[in-house]
Amino acid sequence: EADIYQTPRYLVIGTGKKITLECSQTMGHDKMYWYQQDPGMELHLIHYSYGVNSTEKGDLSSESTVSRIRTEHFPLTLESARPSHTSQYLCASSATENTEAFFGQGTRLTVV
Amino acid sequence: GQNIDQPTEMTATEGAIVQINCTYQTSGFNGLFWYQQHAGEAPTFLSYNVLDGLEEKGRFSSFLSRSKGYSYLLLKELQMKDSASYLCAVIIRQAGTALIFGKGTTLSVSS
Numbered sequence: 001e002a003d004i005y006q007t008p009r010y011l012v013i014g015t016g017k018k019i020t021l022e023c024s025q026t027m028g029h030d031k032m033y034w035y036q037q038d039p040g041m042e043l044h045l046i047h048y049s050y051g052v053n054s055t056e057k058g059d060l061s062s063e064s065t066v067s068r069i070r071t072e073h074f075p076l077t078l079e080s081a082r083p084s085h086t087s088q089y090l091c092a093s094s095a096t097e098n099t100e101a102f103f104g105q106g107t108r109l110t111v112v
Numbered sequence: 001g002q003n004i005d006q007p008t009e010m011t012a013t014e015g016a017i018v019q020i021n022c023t024y025q026t027s028g029f030n031g032l033f034w035y036q037q038h039a040g041e042a043p044t045f046l047s048y049n050v051l052d053g054l055e056e057k058g059r060f061s062s063f064l065s066r067s068k069g070y071s072y073l074l075l076k077e078l079q080m081k082d083s084a085s086y087l088c089a090v091i092i093r094q095a096g097t098a099l100i101f102g103k104g105t106t107l108s109v110s111s
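Residue numbers (this note's numbering), protein chains in the order written: chain A, 1 to 112; chain B, 1 to 111.
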């Protein structure tokens, strides 16, 4: 079983609020990813990191930011939530680029 | 830009064999993964190919042709529990390496 955890699992929040989605893994993986996925739709890469103090933006333009101060922790922050941010956010990690990525259970975000 | 194509939907019956194709046009290809995702759940790993050829794991096999930008996932002896989305994902080189997913193929298995 994968040791990667996301909190919260579900979040309903008002427009304009600042939120941070947490992602932690205990596998010592260098590579971590954030994806956005609407129901029945594809996973869009929004941020990734290949080690401490390295972060890159993915293919999907996003108003979120990430940080990687510790290997095990890769939080995603929305400074001002909007209804268009309503989606599921999935965090993943892998030991190397050529090994399988393990996914957390996701955070389902609703902005009202 | 990056482009990964898969059929949107497929249907099959229990016990049958199904092949799900994936074509890709990406920069700096570094390997291809197949994942399974049941509705409402996180994706789980099925297979990985980096060299041309076939990789077999039980009922599932995956094939890669790098020169053609083509892969397929072969599922044998289909079971109802195989009804899920199957995601083709490519490792690309851009400021490090990133794992990019296709839109996925929804497979429905009927009895």
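Check each hint, because a few of them may be wrong.
To be verified - According to the in silico footprint, chain B covers these stretches of chain A (three or more CB under 8 Å from chain B): (1) 50-59; (2) 66-73.
To be verified - Among the chain B residues that face chain A by a calculated CB cut under 10 Å, a handful are: (3) Ser61; (4) Tyr70; (5) Tyr72; (6) Ala98; (7) Gly102; (8) Lys103; (9) Val109; (10) Ser110.
As the list claims (entries may be wrong) - Once the Cα atoms are required to be at most 35 Å apart in a straight line, the calculated DSBU-like pairs of lysine-lysine come out as: (11) Lys81/B to Lys57/B; (12) Lys57/A to Lys57/B; (13) Lys57/B to Lys103/B; (14) Lys57/A to Lys103/B; (15) Lys103/B to Lys17/A; (16) Lys103/B to Lys81/B; (17) Lys76/B to Lys103/B; (18) Lys18/A to Lys103/B; (19) Lys57/A to Lys68/B.
No lab work stands behind these hints, which were simulated from the structure alone.
Just so it is clear, CB atoms sit at the ideal spot from N, CA and C, and this is done for glycine as well.
Requested in this report: With chain A as the partner, please determine if Ser61/B meets the hint condition of a C-beta pair closer than 10 Å.
Outcome: 17 Å, violated
Query raised in the report: If you draw a straight line from the CA of Lys57/A to the CA of Lys57/B, is it 35 Å or shorter?
Result: Roughly 34 Å between the alpha carbons, so the hint for Lys57/A and Lys57/B holds.
Query raised in the report: At a threshold of 10 Å, is the proposed contact between Tyr72/B and chain A supported by beta-carbon distances?
Result: Hint violated; Tyr72/B Cβ to chain A Cβ min 19 Å, cut 10 Å.
**Report entry** chain A contact restraint for Lys103/B - C-beta distance below 10 Å
**Finding:** Hint on Lys103/B: holds, closest Cβ of chain A at ~4 Å, below 10 Å.
Query raised in the report: Holds or violated: Ala98/B as interface residue toward chain A, Cβ cutoff 10 Å?
Result: 5 Å, holds
Query raised in the report: Against chain B, does the stretch 66-73 of chain A show at least 3 residues with beta-carbon separation below 8 Å?
Result: violated (count 0)
Query - Given hint Tyr70/B near chain A, where the shortest CB pair must fall under 10 Å - result: Nearest chain A Cβ about 19 Å off; hint violated.
Report task. For the pair we were handed, Lys81/B and Lys57/B, check the Cα-Cα distance against 35 Å. Result -> 17 Å, holds
Query raised in the report: Does Val109/B pass the interface hint, meaning its C-beta sits closer than 10 Å to a C-beta of chain A?
Result: 18 Å, violated
Query raised in the report: Do at least three Cβ atoms from the stretch 50-59 of chain A come closer than 8 Å to Cβ atoms of chain B?
Result: holds (count 5)
Query raised in the report: CA of Lys103/B to CA of Lys17/A, is that 35 Å or under?
Result: 31 Å, holds
Report task. Return the status of the interface hint for Gly102/B: holds when the least beta-carbon distance to chain A is below 10 Å, violated otherwise. Result -> Holds. Min distance 7 Å.
When the structure is compared with the earlier hints, violations turn up for hints 2, 3, 4, 5, 9 and 10 and for no others.
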